[in-house]
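First to last, the protein sequences are chains Y and G. Quick note: the first sequence uses this note's numbering, first residue -16, plus one each step. Quick note: the second sequence uses this note's numbering, first residue 9, plus one each step.
Fair warning: there could be bad hints in the mix.
If you want the footprint, here are the derived chain G segments under chain Y, 3+ residues with CB under 8 Å [stated by the list, open to error]:
id : stretch
1  : 47 to 55
2  : 68 to 76
3  : 81 to 92
Simulated crosslink set (DSS-like; lysine-lysine; CA at most 30 Å straight-line) [stated by the list, open to error]:
id : chain 1 : residue 1 : chain 2 : residue 2
4  : Y       : Lys446    : Y       : Lys354
5  : Y       : Lys436    : G       : Lys33
6  : G       : Lys96     : Y       : Lys240
7  : Y       : Lys240    : Y       : Lys426
8  : Y       : Lys436    : Y       : Lys426
9  : Y       : Lys354    : G       : Lys96
10 : Y       : Lys240    : Y       : Lys292
11 : G       : Lys33     : Y       : Lys426
12 : G       : Lys96     : Y       : Lys436
13 : Y       : Lys276    : G       : Lys33
14 : G       : Lys33     : Y       : Lys435
15 : Y       : Lys426    : Y       : Lys276
FRET-style restraints, in silico, Cβ to Cβ [as the list claims (entries may be wrong)]:
id : chain 1 : residue 1 : chain 2 : residue 2 : range
16 : G       : Lys96     : Y       : Arg365    : 29 to 35 Å
17 : Y       : Ser44     : G       : Ser32     : 44 to 50 Å
18 : G       : Trp25     : Y       : Asp274    : 53 to 59 Å
19 : Y       : Ile250    : G       : Val15     : 46 to 52 Å
20 : G       : Lys96     : Y       : Pro385    : 43 to 49 Å
21 : G       : Lys96     : Y       : Ile166    : 43 to 49 Å
22 : Y       : Ile250    : G       : Trp25     : 41 to 47 Å
I should point out that these hints are in silico values taken from the structure, not numbers from a laboratory. Virtual Cβ for every residue (Gly too), placed ideally from N, Cα, C.
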Amino acid sequence: MSDFAWTIQVIYLLAASSFVFGLHLMNTPATARRGNQASTIGMVVAIAATLAIIVHDDLISTTGWIVMIAGALVGSALGLYSARNVQMTAMPQLVSMFNAVGGGAAALVGIHDYMTAGAAVSATTSVTTLLDVIIGGVTFSGSIVAAGKLQGLITSAPVTFPGARVVNLLLAAVGVGLGAYLITSPSTALLAIVIVAALVFGVSMVMPIGGADMPVVISLLNAFTGTAVAMAGFVIGNWAMIIAGALVGASGGILTKLMADAMNRSIRNIMLGGFGTGDAAAAVAGGPGGDVKAIAADDAAIQLAYASKVIIVPGYGLAAAQAQHEVAALAELLESRGVEVSYAIHPVAGRMPGHMNVLLAEANVPYPQLKEMDEINPEFARADVALVIGANDVTNPAARRPGTAISGMPILDVDQAHSIIVVKRSMGHGYAGIDNELYVDPKTSMYFADAKKALTQLAAAVKTLVG
Amino acid sequence: MYPALLVDVAIFVLSLWVGFEVISKVPATLHTPLMSAANSIHGIVLAGAMLIAVTAHDAVGYVIAFFAAASAAANVVGGYVVTGRMLKMFRRRPISAESVASNGSSLNGHRDTGHEA
C-alpha cells in the first residue's frame, strides 16, 4: 500500500470517527449542535479525501469531471433550497425525500459498478452489489410514496387490493431469485428486471400502510438507506461508507423498534398493513359510549387561568392543524399569570419520531418544559388541568385493561389529573378505531373545535376574562 | 477465502453495534434531529457517486454518474443544513428576556448539565 493510500484510509477513519462522535453528542439538546458540526466536518474531510483520490489517480475523463461537478452543484442547490425553506410540519416528508435520494444514489453506484465490471466481477462482490441495488431501489420508490402520503399527494389511507400480498411475494421472489442467478451469470438485461422489481416492491410495500403508521415507516426506510449505503461501501471498498451506512442502519433500526413499541404494534403487523388509517379515521364520527360534557371557551379559560399546574398534551391533531405557535402563545400567557405549564410528549406524537418536540421548539418553547412520558406521568396527579390537544389513543385509559385494540400500549396518565379539557374536532376515533374512555370520564370536558382556532379563542378568553 | 471481505464485514458488524450503543442514549426529544442527522451521514454515498464518475466512459455511465452525484449531494447538503436549522431552535429558555423567573427553576435543570451552545 502506498503512502498516499495509507493517508486516505486514515482520513476516512477519522471522518467515520467524527460521525460516531457527532451522534454521541446528540444525547443532550445542549451539545447536539456541536454534534452536528463535528459530523459536518467529518463529511467535508471525507469528501475532500475522495477528491484527492480522484486527482491523484488521474484516471477520470474530462467529461467525468464535468458530469461529477455539475451533478454535485445541481444536487447541492436543490438540497440547500429545500432545507432552508421547508416548514417544520413538513419535516417528515423532507427526511423521506432525503432517504429516497440517498437510497437511489447507493443503488446507482451498485448498478454502475455491475455494468462496468461485467463478467469480471467476483461472486462475493456481486452479492453486495445486488443487495445494494435491491435495497437501494426499494428505499428509493418506497420513500417517494411515503413522502407523497405525508404531503397528501397520495391518499394517506391504506391502499390495498385483493391479492396484493401475493403480488408482493411474487415481486420479492423475482428480485431474490433473479438476484441469486445473477451472482453466477452476470447479465445487464436481467439486472434491469431486478431493478424494476425492487422499485415496484417499494411502492407496493408502502401503499397499504396508513398515515398514522408513518413514524414507523420513515424510521424503517432510514434503516434501509443506511444498509444500502453500507452495501455500496462494500462494492467499491470504501470504509467510510461501510461505517456510516452501518451507523444509520442501526439508528433507523432502533427508532423503528421504539416507535412500534410505543404504538403497541409489531413491525410485521404494520408492514402487512391495512390498519393505520390516520386522517381518514379522525373525520368519522363515532357514537360515544357514555355522557360527554361539552365546554365553552370562557369556562375552559377560567379553569386554565386559575390553575396552579397545567399539563398540555399535544398530539397528531395539533401537528395536522399546525397549531404549535398558538399553543405556545397560550402557555406563555398562562405562565405570565404564574401558572406552571409543562408539555407531556408521547413518543409517537406528531408524524415522525420526536416530531412534536421540533414543532414546539420552533414555537420557541424551552425544551426543559417538554417532558417525556415516563417523566411526566407521575406529575398528572398533581395537575389541576390536563389540556389534551388533538391526541387520542395515547390518552385512552382502556390501554391499561387487557382485551382492547390498544391494550398494553404505553399511555399518558391524563385521567389522573384533577380535571381534563380535550380539544378535538369531533368524537371521531384515533387510528385504533375505538372509543376513548377518557372522553366520558366525569372529570373531562370536551371542547369541539379545530386546534388552531380553539387555542386562539382560549388565549383571547383568558385575556379578556382575567386580563 | 476473502480476507478483504472479512475485514469489511467485521467493520460493518462492529459499526452496527457502535451505532446501537450511541443511539440508544439519545433522548426522545431529539429523535427527529437524530434521524435527520443520520440522514445526512448516509450522504457519504456522495464519495461513492464521485468515484463512479472516474470509471464512467460511455453515455449511460455518465448519466448514471450525474444522477448519483446530484442525488447524493442533495442528500448530504440538505441533510446537514436542515439538521442544523432544527437544532438551533432547541433552547433552554425562550429568547425573550422577560420570561418568568420560576420558569428556569429546579424542575427544569436535571436532564442536562451542559451549557447553552
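Taking the hints in turn, this is what the structure says about them:
| no. | hint | verdict |
| --- | --- | --- |
| 1 | 47 to 55 | holds (count 9) |
| 2 | 68 to 76 | holds (count 8) |
| 3 | 81 to 92 | holds (count 12) |
| 4 | Y/Lys446 / Y/Lys354 | 27 Å, holds |
| 5 | Y/Lys436 / G/Lys33 | 38 Å, violated |
| 6 | G/Lys96 / Y/Lys240 | 28 Å, holds |
| 7 | Y/Lys240 / Y/Lys426 | 35 Å, violated |
| 8 | Y/Lys436 / Y/Lys426 | 23 Å, holds |
| 9 | Y/Lys354 / G/Lys96 | 19 Å, holds |
| 10 | Y/Lys240 / Y/Lys292 | 34 Å, violated |
| 11 | G/Lys33 / Y/Lys426 | 37 Å, violated |
| 12 | G/Lys96 / Y/Lys436 | 28 Å, holds |
| 13 | Y/Lys276 / G/Lys33 | 42 Å, violated |
| 14 | G/Lys33 / Y/Lys435 | 34 Å, violated |
| 15 | Y/Lys426 / Y/Lys276 | 9 Å, holds |
| 16 | G/Lys96 / Y/Arg365: 29 to 35 Å | 33 Å, holds |
| 17 | Y/Ser44 / G/Ser32: 44 to 50 Å | 46 Å, holds |
| 18 | G/Trp25 / Y/Asp274: 53 to 59 Å | 54 Å, holds |
| 19 | Y/Ile250 / G/Val15: 46 to 52 Å | 31 Å, violated |
| 20 | G/Lys96 / Y/Pro385: 43 to 49 Å | 45 Å, holds |
| 21 | G/Lys96 / Y/Ile166: 43 to 49 Å | 47 Å, holds |
| 22 | Y/Ile250 / G/Trp25: 41 to 47 Å | 20 Å, violated |
In terms of the numbered hints stated before, the structure departs from hints 5, 7, 10, 11, 13, 14, 19, 22, listed from lowest to highest.
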